Amino acid sequence: GENVEQHPSTLSVQEGDSAVIKCTYSDSASNYFPWYKQELGKRPQLIIDIRSNVGEKKDQRIAVTLNKTAKHFSLHITETQPEDSAVYFCAASMRGGATNKLIFGTGTLLAVQP
Amino acid sequence: GAVVSQHPSRVICKSGTSVKIECRSLDFQATTMFWYRQFPKKSLMLMATSNEGSKATYEQGVEKDKFLINHASLTLSTLTVTSAHPEDSSFYICSAALGLGEQFFGPGTRLTVL
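Protein chains in written order, with this note's numbering: chain W, 1 to 114; chain F, 1001 to 1114.
It is possible that part of the hints are untrue.
Stated by the list, open to error - Below, simulated DSS-like cross-link-like pairs (lysine-lysine); rule was C-alpha separation at most 25 Å, straight line:
#: 1; chain 1: F; residue 1: 1042; chain 2: W; residue 2: 71
#: 2; chain 1: W; residue 1: 42; chain 2: F; residue 2: 1055
#: 3; chain 1: W; residue 1: 22; chain 2: W; residue 2: 57
#: 4; chain 1: W; residue 1: 71; chain 2: W; residue 2: 57
#: 5; chain 1: F; residue 1: 1014; chain 2: F; residue 2: 1064
#: 6; chain 1: F; residue 1: 1041; chain 2: W; residue 2: 22
#: 7; chain 1: W; residue 1: 58; chain 2: F; residue 2: 1064
#: 8; chain 1: W; residue 1: 71; chain 2: F; residue 2: 1064
To be verified - Here are the in silico distance ranges between beta carbons for each label pair:
#: 9; chain 1: W; residue 1: 10; chain 2: F; residue 2: 1064; range: 14 to 24 Å
#: 10; chain 1: F; residue 1: 1064; chain 2: W; residue 2: 14; range: 25 to 35 Å
#: 11; chain 1: W; residue 1: 29; chain 2: F; residue 2: 1064; range: 44 to 54 Å
#: 12; chain 1: F; residue 1: 1012; chain 2: W; residue 2: 40; range: 39 to 49 Å
#: 13; chain 1: F; residue 1: 1053; chain 2: W; residue 2: 12; range: 28 to 38 Å
#: 14; chain 1: F; residue 1: 1012; chain 2: W; residue 2: 109; range: 34 to 44 Å
It should be emphasised that the hints constitute simulated quantities derived from the structure, not laboratory data. From a predicted model like this one, the values you see are computed outputs, not experimental measurements. Quick reminder that beta carbons are idealized off the backbone N, C-alpha and C, glycines included.
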């Protein structure tokens, strides 16, 4: 079946450093790649997304890059802050009826040390 | 962003009883809603895709007679866990999809079956 792999599973950085999380997907038809941040016991929050017609998107300290040929995409967080600590999930769309459904990666626990 | 509510936030029930969880999109109409299950420190596992006015599409391995889904309007989908057992204890999260594929999540329901 369709699969999204995510690495690393845990990531610890010092405040102010950059963090990079990488995902690969298997469905070449995937065309939408969101990233979610989930704090403990809370709902996943959409933080950035990218569509297959662009290679990079940036929103302040957060950026996402997409390599369709290699079928991988990455989340980049610069100047990390303690409040960035959370679990981050990547996802890739796959056709599921009228609306694309999302297949989620396994998550990355990011810890930003003050 | 789009707001999705979910009720109840927590429920504790006895084994053998049924539990209904509601998911509402508050400020937009969602033709498609999704139901996920999340175990502690794990990723979101898609259970089913709920389309307004039609039968839900279940993922492989998800029992449709155990997890009843109703999507009666463009703003409401319900998940009923029938004859719940301790192994059904989990965090259940719904999402509502906008037209371009973005999914916005509800706050989740923590189900504990005694």
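Hint-by-hint comparison with the structure:
1. Taking the CA atoms of residue 1042 of chain F and residue 71 of chain W, the gap is about 23 Å. The hint holds against a cut of 25 Å.
2. At most 25 Å may separate the alpha-carbon atoms for a hinted pair to count; residue 42 of chain W and residue 1055 of chain F exceed this at roughly 29 Å.
3. This hinted pair checks out: residue 22 of chain W and residue 57 of chain W have alpha carbons roughly 15 Å apart, not beyond 25 Å.
4. With a C-alpha separation of about 16 Å, the suggested pair residue 71 of chain W and residue 57 of chain W falls inside the 25 Å cut-off, and the hint holds.
5. Of the pairs offered as hints, the one joining residue 1014 of chain F and residue 1064 of chain F holds, with about 21 Å between alpha carbons and a cut-off of 25 Å not exceeded.
6. For the hint pairing residue 1041 of chain F with residue 22 of chain W, the CA-to-CA distance comes to about 19 Å; that is within 25 Å, so the pair holds.
7. Distance check on the hinted pair: residue 58 of chain W and residue 1064 of chain F sit about 41 Å apart at the alpha-carbon level, beyond 25 Å; violated.
8. In summary, the hint linking residue 71 of chain W to residue 1064 of chain F is not supported, as the alpha carbons are separated by about 33 Å, beyond the 25 Å threshold.
9. Evaluation of the 14 to 24 Å hint for residue 10 of chain W and residue 1064 of chain F yields a failure: the beta carbon distance comes to about 36 Å.
10. For the pair residue 1064 of chain F and residue 14 of chain W, the supplied restraint of 25 to 35 Å is violated, since their beta-carbon distance comes to about 49 Å.
11. In this structure, residue 29 of chain W and residue 1064 of chain F break the distance hint of 44 to 54 Å, their C-beta atoms being roughly 26 Å apart.
12. Between residue 1012 of chain F and residue 40 of chain W, the C-beta spacing of about 20 Å breaks the proposed range 39 to 49 Å.
13. Between residue 1053 of chain F and residue 12 of chain W the beta carbons are some 48 Å apart, a value that contradicts the proposed interval 28 to 38 Å.
14. For residue 1012 of chain F and residue 109 of chain W, the hinted distance range of 34 to 44 Å is not satisfied, since their beta carbons lie about 28 Å from each other.
Checked against the numbered hints above, the structure violates hints 2, 7, 8, 9, 10, 11, 12, 13, 14; every other hint is satisfied.
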